[in-house]
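Single-letter residue listing:
Number of protein chains: 2
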Amino acid sequence: MTYCVGLNLKHGLIFMSDTRTNAGLDNISVFRKMHSWEIPGERVITLLTAGNLATTQAVISLLEERNKSADERIPYLLQAPSTFQAAQIVADTLREVIARQAETGQKADSTFNATIILGGQIKGGAPRLFLIYPEGNFIEAGNDTPFFQIGETKYGRPILVRAYDPDMSVEDAIKLLTVSFDSTVKANLSVSPPFDIQIIEKDSYRLGRSWRMEADDPYYTTVSQNWGEALKAALESLPAFHFD
Amino acid sequence: MTYCVGLNLKHGLIFMSDTRTNAGLDNISVFRKMHSWEIPGERVITLLTAGNLATTQAVISLLEERNKSADERIPYLLQAPSTFQAAQIVADTLREVIARQAETGQKADSTFNATIILGGQIKGGAPRLFLIYPEGNFIEAGNDTPFFQIGETKYGRPILVRAYDPDMSVEDAIKLLTVSFDSTVKANLSVSPPFDIQIIEKDSYRLGRSWRMEADDPYYTTVSQNWGEALKAALESLPAFHFD
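From first to last, the protein sequence lines are chains A and B.
The numbering of the first sequence is numbering that gives the first Met the number 0, which starts it at 0 and goes up by one.
The numbering of the second sequence is numbering that gives the first Met the number 0, which starts it at 0 and goes up by one.
Possibly wrong hints are sitting among the right ones.
[Stated by the list, open to error] When the alpha-carbon atoms are kept at most 30 Å apart in a straight line, the in silico DSSO-like pairs for lysine-lysine are as follows: (1) B:231 / A:185; (2) A:231 / B:9; (3) A:231 / B:201.
The hints are simulated quantities; they were obtained by calculation from the structure and are not laboratory data.
If we strip away everything but chain A, and leave its shape as in the complex, we get:
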């Protein structure tokens, strides 16, 4: 599995993804699940991918190739007039890849499906965040659900639901994401550091800070060690239960 989150904050977009892929429990590897394209000053687009690795790699490669061969008739990501159109291009590419693999008549233990979070900003529009389904349709994050998760989403969801605030600072959002990822890692073997983190500041039209948080990252280990205690203290702070 995988765990990726995209947050839409007042300050911009923040992405975080783990890097574990596994084909069976004894075949695990580190793969980057975060991919970005930019024309500084004009547009920036980031994808987070979850699902079949062959599918997601094919989607990324096709998007890359089409960006490079500008004479192809298929509209490409760096020409899309809006993030909505960019999401449409990615969605079409995803559907195309899945359909091609399904067509061969081969059967796999798992499906060829994949899910993608797309976030970015193109000059003339606001920062936007989309969730693209394997069927090739997609939804946009609104004010009511201003973040998307893909992959192994459940363990890390309660803290996001309770503590996410669109006005929060970038630093607070990274703290929140670190806790959400740590809760998932503690509960599920298929999600693991290192984590890739990226920030796209609103109206910057370029990739912002982007780094990899390793398993021995001092901030990650501090959060991981302290969160258990903090949770216990939170539980402690609730009114005690008493029998009548």
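Starting from the known structure of chain A, fit chain B onto it as the hints suggest.
Below, chain B without anything else, positioned relative to chain A:
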């Protein structure tokens, strides 16, 4: 879906289960998923069930009937010499019911599977807790994993993993379970109050306190309202993230 938890504490066993069942989103009902048998002073056994409702009801009915017709040759729950043997009887009954439904050749949208937590104490033995799989095999909670969850387990797991302590008081355990259930209810429509709660005190060999926590239960609503704030405060208490 369903959410049920069985905890093995130094003080005894605690069980909690939700009551929502659904066949589609527009067909939801309240059903009890907690079933107990006792011979006061000698034995007490509680089951929590998750999965296909027809399957779990058939299992409970068969166990009930066999308890009543003492002359049947199949060993029954109230005669099992140990909780291990009781778990074996329940597991065999579960496998039998699933096999019978699969035999008809009918296809259902969902499977006929079910999973069961069995906990109890029979004179001569310690309180024990088992997790019974649809295949009819089962595992026992040990010192390293002293609780079991079934159904929609992921949302409520992080708090259990971090805050469970076998030495905790019964009251603290109920607080912990209330938070775990609330986190699940907040994230998943298929789990809902009222919740059934039951306590089996160690070496009491009888059902202890047992009650239903309704959606408007004052303690539940207090925990539900305060947990969001408590979580935010916990997050606040962690060291802030700083860019270098």
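Each hint tested on the structure:
1. As the CA atoms of residue 231 of chain B and residue 185 of chain A are separated by approximately 20 Å, the hinted pair is consistent with the 30 Å bound.
2. For the suggested pair residue 231 of chain A and residue 9 of chain B, the alpha carbons sit about 19 Å apart, so the restraint of at most 30 Å is met.
3. Restraint check: the Cα-Cα separation between residue 231 of chain A and residue 201 of chain B comes to about 25 Å, which is no more than 30 Å; the hinted pair holds.
Checked against the numbered hints given earlier, this structure breaks none of them.
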